[in-house]
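There are 2 protein chains.
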Amino acid sequence: MSETLKKPSKADLRRDDLRARLIDIAEARIRADGLGAVKARELAREADCAVGAIYNVFSDLNGLVMAVNGRTFQALGAEVARSVLAAPKDEPQAELITMSHVYLRFAAQNTNLWRALFDLEMSTEMDVPQWYLAELGKLFALIAAPLRRVFPDYTRDQVELMTRALFSSVHGIVLLGLQKRISGVPFDKLEDMIAILLSNVTSQAST
Amino acid sequence: MSETLKKPSKADLRRDDLRARLIDIAEARIRADGLGAVKARELAREADCAVGAIYNVFSDLNGLVMAVNGRTFQALGAEVARSVLAAPKDEPQAELITMSHVYLRFAAQNTNLWRALFDLEMSTEMDVPQWYLAELGKLFALIAAPLRRVFPDYTRDQVELMTRALFSSVHGIVLLGLQKRISGVPFDKLEDMIAILLSNVTSQAST
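Protein chains in written order, with the working numbering: chain A, 323 to 529; chain B, 323 to 529.
Bound-form chain A, shown alone:
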């Protein structure tokens, strides 16, 4: 068996090690100071490598940030999924609110990493890697499941539209709330906003 797998060369191993270290360093920098703190020269100094070596393992700094974003997305997805398991069964409305509150808390506790998910410039949709879309798809599937129970008459397209509308809505509340752009909204008011929105959207269905 093992003979059919190509044994990694020392160069491969060094490359993988540098790649992992660069992601760790970039993650810590984004967490502390945001996207603007990802600078090739400083990364190279911290990773103890040449600046050019970064571009041997990533096509550009955006590629490195995408790798950090992948980790952030997985951590977010895992927390949302855990909250679904812990939520009471057969209460799809409560499930949606719980998930959204987890999203709010994750964004509040990891603000810079979460902002990087959305602030990274991608010139075209083509730049979005497949694995990124797959992670997004998994998150949407978690939202769609209770929605299908709330709206049993919805077509597949309608569920999908509502899933994206609600994700975007909760994202907007969290984003403007954490930016404090809508003055004087304390954290628990944000939780209320999310709950009132989702309750109203979904309670209509049962009448």
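Simulated from the structure, these hints should not be mistaken for lab results. Treat each hint with caution, since some may be false.
One copy or two, either will do: identical chains are not told apart, so a pair holds if it fits within one copy or between any two.
[Stated by the list, open to error] Taking lysine-lysine and the DSS-like style, the derived pairs with C-alpha atoms no more than 30 Å apart in a straight line are:
1. Lys-460 <-> Lys-511
2. Lys-411 <-> Lys-502
3. Lys-411 <-> Lys-511
4. Lys-411 <-> Lys-460
5. Lys-332 <-> Lys-361
All values derive from a computational prediction rather than experimental measurement.
Please arrange chain B on chain A, whose structure you already have, making use of the hints.
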């Protein structure tokens, strides 16, 4: 009468003229290339003044951007208010959807100027000028009016919470939609998303 008003000096007039020209230049730059295009040296060259002269009329570049944002906010508010006047009477739900579609269209047609409203870093809420909050308040009042008709039993606080929740929600749909972060959502789908969200939130009230 006129003797009680202080006649502006030539220096005052020059200052006002420079101020207006700098706002025009910054507005054109933001419109074309976004917030990052507002740079003191380039502004000074275009306005044909010394770099230091900029700081005689604005405390810093953020102050200049805030002035541009003030114009943008007024233009946005005027379009939303016009759409309310044109909307059919006694249909608060349709009014909310119309306003939101105007918001989407304004953001799509003036993306960089609209982004600047939200992307300008303000270190604390204290940095937000009073006139800015007043413009935001006017926009919220336009949203609150139909909401009060949809939810006649809501307290003042509940109307306010719902106003901010819906503004943030529509903002989230527009933002992620225009960023194309939720892959494959064409413009008319964004309009549908807004309509389905607002219809569901408000139709529950009449049952």
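For each hint, the structure was consulted:
no.: 1; hint: Lys-460 <-> Lys-511; verdict: both (28 Å within a copy, 21 Å between copies)
no.: 2; hint: Lys-411 <-> Lys-502; verdict: neither (35 Å within a copy, 34 Å between copies)
no.: 3; hint: Lys-411 <-> Lys-511; verdict: within (26 Å within a copy, 32 Å between copies)
no.: 4; hint: Lys-411 <-> Lys-460; verdict: within (20 Å within a copy, 43 Å between copies)
no.: 5; hint: Lys-332 <-> Lys-361; verdict: within (28 Å within a copy, 48 Å between copies)
Checked against the numbered hints above, the structure breaks only hint 2 and satisfies the rest.
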